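Here the sequence shown is numbered in the working numbering, starting from 32 and rising by one per residue.
A couple of the hints might just be wrong.
[Claimed, not checked] Straight-line Cα separation of at most 25 Å, PhoX-like style, residue types lysine-lysine; simulated pairs:
1. Lys157 - Lys145
2. Lys129 - Lys70
3. Lys70 - Lys134
4. Lys134 - Lys145
[Said to hold, decoys possible] Cβ-Cβ distance ranges computed for the label pairs, FRET-style:
5. Gly66 - Asn148: 43 to 51 Å
6. Thr154 - Ser124: 52 to 60 Å
7. Gly57 - Leu139: 45 to 53 Å
8. Thr53 - Asn90: 36 to 44 Å
9. Lys157 - Thr64: 13 to 21 Å
10. Pro65 - Gln130: 19 to 27 Å
11. Ser117 - Leu151: 48 to 56 Å
12. Ser42 - Gly131: 20 to 28 Å
13. Asn63 - Lys134: 18 to 26 Å
If you are wondering where the hints come from, they were derived from the structure by calculation, not from laboratory data. Just so we're clear, the structure is a prediction, and the values are computed from it rather than from any experiment. In this text, a Cβ means the ideal position worked out from N, Cα and C, and glycines have one as well.
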Amino acid sequence: MESIQLFAVASRQAEWLSVRQTVVSGNIANANTPGYRAKDVNAFNAVLQGSQLQMKATNPLHFTESPTESYVVESDVNKNSASQLSGNSVDLSEELMKQGSIKRDYDLNTAIVKSFNKMLLMTVRKG
32 MESIQLFAVA SRQAEWLSVR QTVVSGNIAN ANTPGYRAKD VNAFNAVLQG SQLQMKATNP
92 LHFTESPTES YVVESDVNKN SASQLSGNSV DLSEELMKQG SIKRDYDLNT AIVKSFNKML
152 LMTVRKG
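Throw the hints in and build the complete structure from the sequences for me.
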């Protein structure tokens, strides 16, 4: 019998969504900062592909970057944006759409985990 990976993947996605929400919120907070470059995170599929090998350190100081910092990348500058006069690459409408997408993805993630958990409990109770 194979182990159930759904909970591990859902947990990983929830962590990724949390990091993405933090990055998008930072972009919105810096929308009026001259020269600020918008950031985003790597796609979740890329994060899953890169998570096959976990590194171990003999000393906690060997790795100074937190695992969530490795998700963040600088996004491409939108050349057509009106905010380019200040050198700022944040597009508020795009960032707000990202926030809506993050909420929908998080709601779907939690609904799937909740349904799967109910199904497991029902199976165990009926034996």
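Here is how each hint holds up against the structure:
{"no.": "1", "hint": "Lys157 - Lys145", "in the structure": "holds (18 Å)"}
{"no.": "2", "hint": "Lys129 - Lys70", "in the structure": "holds (12 Å)"}
{"no.": "3", "hint": "Lys70 - Lys134", "in the structure": "holds (18 Å)"}
{"no.": "4", "hint": "Lys134 - Lys145", "in the structure": "holds (16 Å)"}
{"no.": "5", "hint": "Gly66 - Asn148: 43 to 51 Å", "in the structure": "holds (47 Å)"}
{"no.": "6", "hint": "Thr154 - Ser124: 52 to 60 Å", "in the structure": "violated (45 Å)"}
{"no.": "7", "hint": "Gly57 - Leu139: 45 to 53 Å", "in the structure": "violated (24 Å)"}
{"no.": "8", "hint": "Thr53 - Asn90: 36 to 44 Å", "in the structure": "violated (28 Å)"}
{"no.": "9", "hint": "Lys157 - Thr64: 13 to 21 Å", "in the structure": "violated (58 Å)"}
{"no.": "10", "hint": "Pro65 - Gln130: 19 to 27 Å", "in the structure": "holds (23 Å)"}
{"no.": "11", "hint": "Ser117 - Leu151: 48 to 56 Å", "in the structure": "holds (53 Å)"}
{"no.": "12", "hint": "Ser42 - Gly131: 20 to 28 Å", "in the structure": "holds (23 Å)"}
{"no.": "13", "hint": "Asn63 - Lys134: 18 to 26 Å", "in the structure": "holds (24 Å)"}
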